[in-house]
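Asks: Next come the chains, spelled out residue by residue.
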Amino acid sequence: MGRKQTMDHTALLVLSLLSQGDMYGYQMIAELERQSDHTFEMKEGTLYPILHGLERSGAVESYRTQAPSGRERKYYRLTEKGAAALKAEAEQWRRYSHSVNAVLEQAMGLA
Amino acid sequence: MELFETFCQQVCREVRHATPEERDSIRRELRDHLEDRAEALQSSGSDEEAAAQAAVEAMGDPAEIGRAMNRQYPLGWLILSRLSGALLLLLCLYILFTLPLFGSAYNNLRCRISPSYGGRFMSGAAPESVCLTDYRWTVGGSVLRVYGLEPTHMDANGDSRVRVYLCAYNRNPFRCASESLVRDVVFLDESGNELERLYGGSGNTGAWYTTISFPLPEGENGFTLYYDSHGYQLEEYIPLPGEEAAP
Amino acid sequence: MSDHKSVKKTELSRRKKALRRTAAALALVFFMVLTNLYGFLPIQALRNQEDRSGVRRTETLRRDYLPQVHPFTLFYLSCNEDVVMLTSMRWNLLGGWYPVYAPVLDCDGSEPVVIGEYSVTYSDLDRYIVYVFGCVSDPDIASLQLSVTDLARDPNGISDTCQVTEFLEAEGHRVFAHPFLLSFEDARERRIKVHADTYRQDGGWIRGFEVPWSGSTSMG
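Chain order of the listed sequences is A, B and C.
Here the numbering used here runs 330 ahead of the position in the first sequence, where the first position is 1.
Here the numbering used here runs 829 ahead of the position in the second sequence, where the first position is 1.
Here the numbering used here runs 322 ahead of the position in the third sequence, where the first position is 1.
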């Protein structure tokens, strides 16, 4: 059984989103809702401390530029360090959830 | 939108150790998000007021967000930055206030280059009876200099004395010159006897200046300058300026 | 689409800012030490006094801090090949440590023992310091007895006494110093005399003499 991830799962989702392209905060929320078929819900404000934390650890970089809407927004970009962290954490998560699923299936089978 | 401002304010209140620029950036980002959410809600039918309210609610608890944000802005390097900044300011203010002190370095250099300006001859022009000379001796870090000789100076009693104009400066213009040089120097006649001297007092404007007068025995045309103090020795014969030089 | 107008890493910029400022502050301190603008440390005052007295660089032997007399004064006993020097220095917010006065004794070995007496009074206190210091060149001399007499109070008595058996060794000299802390009722009546007696190793008395006055300072 793999160990539980060291990174908050929301942070992992943010990194994976950014691996698809640079985004700003609101855009990420919208994308998360869309990609998870509106099953993923979170308090939108809690995204920002996570983003600032990722920036502090060097996993992402931020810059201000014009969004498609015409207004200026703070965009985030995945760094090489972030990409490497994403790869490692994703692998960790896959292994962990695989182990959990395996155990659950056993239990379901018996029940 | 005032509602948005209040929300941002509440979040930022929990972030204790952030610079005004950092706080501004957070506020801006949150406000942008609220505006985007409110706009999206408006386009799907809500009115402005309701959309704004819903947007703020969707964000979550501002205090909780603020606390989570605060954890990303620890005191850490900021404290060093602030301390160093304060020290830097104090030092700069101090240097500004004591700029006149550099005047002593200036005077020190003047003594080195043209002592007549810094010494007894304030206007720079020596009286006619004084002969400008340039004798220098290095004693440790300081330099003793004789910059003027007056072979026939009349003292209060009407006797004729030799008057010597001396100054001492430090080779490093920022450091003090040796006071001992102008105070302990003595003058000897040709037989080696110490001549009774009238010490003219010394002053310091970064460099020490003094004038010393003494009676020279009849027929002698020079004297010996002698200094022996605290491990340094100096001895040199100085001839009086000739007839052509003095009036 | 990526328009990297301002890539700012909060943590890194904070660290860089902190280090930059610290480096600037240290550079400024260094500049101020070089140009002798501020006496951050007492040793700077000692070096300044060496320049002013016209002595070569001295080695510090002893530092005396006597807060019971005055909190912002220090006394440095130092010597080099030629002299023994006692420097009194004060600290001021503007200027830092600065030398006040330093009696200098020539210690070239021509005399068996050279002693000086330096008194420091403080105008707002009734206590004062009589610093007796010197150097011994004669190897026969093993110890000294110093006694202070307050002539105004009791001309024949002894106010305080001290036995000097240990010496500080440096630059080929045997140096000693002892600060006497005295008190008196009336500052204007103060007149003191210091007497020194030298003794051999076996306790035999060699000679006694009055210690010459080397200077006084009145600190406000």
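Treat the hints as calculated values from the structure; they're not laboratory data.
C-beta atoms are modelled at their ideal positions from N, C-alpha and C, and glycine is treated no differently.
Check before you lean on any hint, since a few could be wrong.
[To be verified] Partial pick of chain B residues on the chain C-facing surface, computed with a CB cut under 10 Å: (1) CYS841; (2) THR848; (3) LEU907; (4) GLY914; (5) LEU920; (6) GLU1008; (7) PHE1043; (8) LEU1045.
[To be verified] Below 20 Å or equal to it, Euclidean Cα-Cα: the simulated EDC-like pairs (lysine to aspartate or glutamate) are: (9) LYS339/C - ASP853/B; (10) LYS404/A - GLU851/B; (11) LYS411/A - GLU363/A; (12) LYS339/C - ASP352/A; (13) LYS373/A - GLU850/B; (14) LYS404/A - GLU1008/B; (15) LYS339/C - GLU850/B; (16) LYS404/A - GLU878/B.
Asks: Next, verify each hint and record whether it holds.
Replies: Here is what the structure says about each hint:
no. : hint                 : in the structure
1   : CYS841               : violated (15 Å)
2   : THR848               : holds (8 Å)
3   : LEU907               : holds (6 Å)
4   : GLY914               : holds (5 Å)
5   : LEU920               : holds (5 Å)
6   : GLU1008              : holds (5 Å)
7   : PHE1043              : violated (22 Å)
8   : LEU1045              : violated (27 Å)
9   : LYS339/C - ASP853/B  : holds (18 Å)
10  : LYS404/A - GLU851/B  : holds (13 Å)
11  : LYS411/A - GLU363/A  : violated (26 Å)
12  : LYS339/C - ASP352/A  : violated (28 Å)
13  : LYS373/A - GLU850/B  : violated (26 Å)
14  : LYS404/A - GLU1008/B : violated (68 Å)
15  : LYS339/C - GLU850/B  : holds (14 Å)
16  : LYS404/A - GLU878/B  : violated (26 Å)
Going down the numbered hints, you'll see the structure goes against 1, 7, 8, 11, 12, 13, 14, 16, while the others check out.
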